[in-house]
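Peer 1: Each chain, letter by letter, is given below.
There are 2 protein chains.
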Amino acid sequence: MKAMSIGLLGLGTVGSGVVKIIEQHQDKLMHQIGCPVTIKKILVNDPAKERQVAIDKSLLTSNVDDILDDPEIDVIIEVMGGIEETKDHLLHAIRNKKHIITANKDLMALYGSQLLKEATANECDLFYEASVAGGIPILRGLADGLASDRITKMMGIVNGTTNFILTKMSQDGSAYEDVLKEAQSLGFAEADPTADVSGLDAARKMAILSTLGFSMTIDLDDVTVQGITEISEEDLAYSKKLGYTMKLIGLSSRDGEKVEVSVQPALLPEHHPLASVHNEYNAVYVYGEAVGETMFYGPGAGSLPTATSVVSDLVAVLKNMRLGVNGRSAVAPQYPKTMKQPSEIHAKFFIRLHVKDEVGVLAKITMLFAEHGVSFDKILQLPLNEKGSSEIVLVTHHATLTEFEKIQQKLNDYEMVKEIKSTYRVEGENGK
Amino acid sequence: MKAMSIGLLGLGTVGSGVVKIIEQHQDKLMHQIGCPVTIKKILVNDPAKERQVAIDKSLLTSNVDDILDDPEIDVIIEVMGGIEETKDHLLHAIRNKKHIITANKDLMALYGSQLLKEATANECDLFYEASVAGGIPILRGLADGLASDRITKMMGIVNGTTNFILTKMSQDGSAYEDVLKEAQSLGFAEADPTADVSGLDAARKMAILSTLGFSMTIDLDDVTVQGITEISEEDLAYSKKLGYTMKLIGLSSRDGEKVEVSVQPALLPEHHPLASVHNEYNAVYVYGEAVGETMFYGPGAGSLPTATSVVSDLVAVLKNMRLGVNGRSAVAPQYPKTMKQPSEIHAKFFIRLHVKDEVGVLAKITMLFAEHGVSFDKILQLPLNEKGSSEIVLVTHHATLTEFEKIQQKLNDYEMVKEIKSTYRVEGENGK
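Residue numbers (UniProt numbering), protein chains in the order written: chain A, 1 to 432; chain B, 1 to 432.
Where hints are given, some of them may not hold.
One copy or any two copies: either way a pair holds, since identical chains are not told apart in the list.
Mimicking DSS-like on lysine-lysine, the simulated pairs with C-alpha atoms at most 27 Å apart in a straight line are [to be verified]:
(1) K28 - K40
(2) K28 - K340
(3) K153 - K20
(4) K241 - K49
(5) K87 - K240
(6) K319 - K28
(7) K319 - K117
(8) K28 - K117
(9) K418 - K241
(10) K97 - K319
(11) K28 - K153
For the record, the hints were derived by calculation from the structure and aren't laboratory data.
Between the sequences and the hints, there should be enough to build the whole structure, so can you do that?
Peer 2: Next comes the structure, spelled out in structure tokens:
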């Protein structure tokens with residue numbers, strides 16, 4: 001029986017994991033697909049280099065066309081990273097009628113719609129489960145759920161580095177800079193952590209998730225992004241005191257046909273399932289009109305978890321090939337995109353202020369909120385070490401982002417308000 | 001284009017939900033499957049009865065053969081419940097080459113293997129996602145994961161009634177009997193709650209999950225079961241004090257080819273993701289050799305969540321029909337079953353004792369554990385109101401069930417030990 005031939009672009013940690021899993025699970029794959037699976041060629045920078053995995057050196061090539069133009073190769077697995085050049089390789093492969101599996105979130109966030117369109121036109125499959133949340137089968141879960149439901153909201157902890165940092169800061173009361181160094185030494189943060197701590201990596205994943213979940217083309221530019229670099233130990237201590245846990249939350253929500261997609265540090269009630277997602281783990285909390293609330297949890301990165309997702313995609317592609325039904329899985333976004341305006345975004349807000357320690361300060365501040373129709377869930381006032389100052393922490397009931405921003409502007413103008421130290425959204429309360 | 005015709009057995013809350021979803025999502029279903037879907041006949045006890053759902057009365061029948069023998073019906077959805085008679089109906093339908101979707105855990109736990117075998121022989125699909133954990137796509141998740149991984153352990157909160165009761169007992173410090181009454185008045189527990197509180201319902205689901213996850217025929221008789229009726233407020237208070245949360249845990253684990261499947265109240269570290277599964281929610285925590293730890297969370301019951309799972313199964317069956325590949329999904333268990341002996345079961349244990357308040361009691365007790373090679377993680381001794389008595393709570397490090405049972409026998413013989421009040425397993429620590 002003819003074997004299915006795979007071309008692998010990249011042999012880093014994920015690529016090595018894919019090689020290992022395909023070798024170790026050959027029997028199971030055969031059982032499910034009905035034919036053997038072989039890796040025919042692997043693209044590497046330097047075929048002569050010593051490798052961690054035992055690999056037949058004759059499979060290695062540094063010329064990508066050896067793979068893209070090989071008529072015997074049915075499926076391309078892309079685990080090399082990169083954006084522009086990689087996109088060109090994949091477009092070339094698709095035009096050669098090859099099916100694609102990619103773990104590349106940067107690529108999918110920028111060129112996902114284009115690649116999916118091209119794949120559909122060429123009756124090719126394009127699967128990208130590993131591009132969001134490593135080992136968690138979230139895209140498959142969404143696609144299945146979509147069959148008979150309407151997704152109204154997704155909240156995701158989709159970046160392991162920032163979740164590791166926030167978990168440690170929260171548990172140990174340590175400062176951001178110290179924990180970042182620890183994360184770097186443990187391999188949970190890169191030497192240049194910008195893409196992670198700025199929220200960009202999470203934003204890419206939320207663009208991919210939202211495009212699928214809402215069936216609209218959500219671009220990276222549509223995602224409002226705020227990272228974790230400004231979070232202080234004080235913010236975390238107050239969160240805890242008020243019964244919240246701080247997480248970097250990717251949020252996609254829809255009211256009617258209007259959507260919001262954002263990434264920001266937010267407070268969750270400490271009993272919310274997302275609040276128990278610790279360290280480098282990821283999770284996506286999904287609200288469906290019929291199914292209610294579900295959550296998918298697991299490792300968001302790592303060689304073997306990511307490789308496992310890639311191989312699950314491979315099985316799906318190979319089954320489709322045996323059935324002759326490739327190219328039907330990539331459903332083009334069905335709905336036009338309308339982003340919510342700030343006046344249409346409703347949330348609870350946390351705000352921490354330093355004020356002058358004078359009579360009537362709290363009354364004046366709460367009056368300002370009342371004038372904007374905003375009431376309070378929680379109020380805390382404490383003296384500061386700094387003489388003549390005190391600290392006020394407020395958690396509002398639901399308000400629009402517009403009203404909350406207007407209130408902040410006015411607070412800045414008040415002579416008694418020394419500084420607005422921080423503001424955060426509060427999410428996940430009352431089943432919202 | 002010819003429509004796919006469905007026969008529905010049962011029109012209770014889940015059946016009505018299925019009717020509603022198929023009507024409301026006709027466009028989406030058409031988009032995915034490529035043809036319309038219609039419900040042709042519905043089995044009910046009394047076709048004349050008034051119903052909550054608007055339904056064409058000409059579809060209703062009280063004669064099951066009108067459905068089972070209708071050559072135009074392609075798929076049977078069974079949401080009527082019952083075991084022996086229902087099994088006979090489904091076998092009859094399978095022999096008439098009809099595909100089956102069932103939400104019936106009682107049936108699948110007892111006759112799943114037989115039904116799957118018959119379905120495979122007749123090239124029919126038999127899907128049963130809704131039989132375990134209502135709206136959570138756990139069976140699909142396991143089946144996907146299995147493609148390229150090996151599952152070593154599953155821990156499940158798979159019964160909503162008992163989780164609701166334990167959550168309330170834990171939060172409010174209330175007694176079991178009081179919370180049970182509250183659960184009954186809220187509709188989270190049935191008038192006769194025996195199947196839930198005895199652990200039987202959870203055991204049925206763990207038998208179904210383990211059969212799929214380990215690819216072995218695990219019968220209900222293979223599952224060791226202990227319910228929640230003996231849990232006291234004191235046990236919950238001590239759990240909390242020691243940093244644990246008590247849950248009714250379904251546990252399937254495998255070392256080499258030997259497995260344990262059990263249901264019992266167990267203590268989890270309060271930061272474990274399963275510890276945040278509150279009220280009537282369900283979750284299954286899965287350990288895979290490659291993927292690591294993943295969790296699937298969602299509503300374990302309810303009309304619409306369960307109906308959503310049923311319709312997801314329906315989409316899978318209908319896609320298979322269009323592709324002409326039915327009957328390949330039910331993979332017969334591949335491995336022989338070997339259950340672990342008590343000497344092969346390793347766990348940490350919690351034990352609470354009432355002892356005479358004498359010099360050297362704790363020393364004598366800890367010595368006994370040491371003689372059996374068992375050391376301690378946590379020790380707590382407190383005076384009791386009862387004069388001359390004190391209470392000792394111990395949490396061991398890992399020990400075999402055999403050694404722990406031997407120790408309990410000896411403790412019972414000690415004159416200074418008044419009573420062993422309770423023992424529980426401690427699970428979910430250190431990534432185990």
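Peer 1: Work down the list of hints and note, for each, if the structure agrees.
Peer 2: These are the hints, each one checked on the structure:
1. K28 - K40: Answer is within: at 19 Å inside a copy they meet the 27 Å cutoff, but 39 Å across does not.
2. K28 - K340: Between copies only: 25 Å across chains, 47 Å inside a chain, cut-off 27 Å.
3. K153 - K20: between (37 Å within a copy, 22 Å between copies)
4. K241 - K49: neither (54 Å within a copy, 56 Å between copies)
5. K87 - K240: neither (44 Å within a copy, 53 Å between copies)
6. K319 - K28: Classified as both: same-chain Cα gap 13 Å, cross-chain 23 Å, threshold 27 Å.
7. K319 - K117: both (21 Å within a copy, 22 Å between copies)
8. K28 - K117: between (32 Å within a copy, 20 Å between copies)
9. K418 - K241: Only inside one copy: K418 and K241 sit 23 Å apart there, 42 Å across copies, limit 27 Å.
10. K97 - K319: both (16 Å within a copy, 24 Å between copies)
11. K28 - K153: between (36 Å within a copy, 19 Å between copies)
The structure is inconsistent with the numbered hints 4, 5, although it conforms to all the rest.
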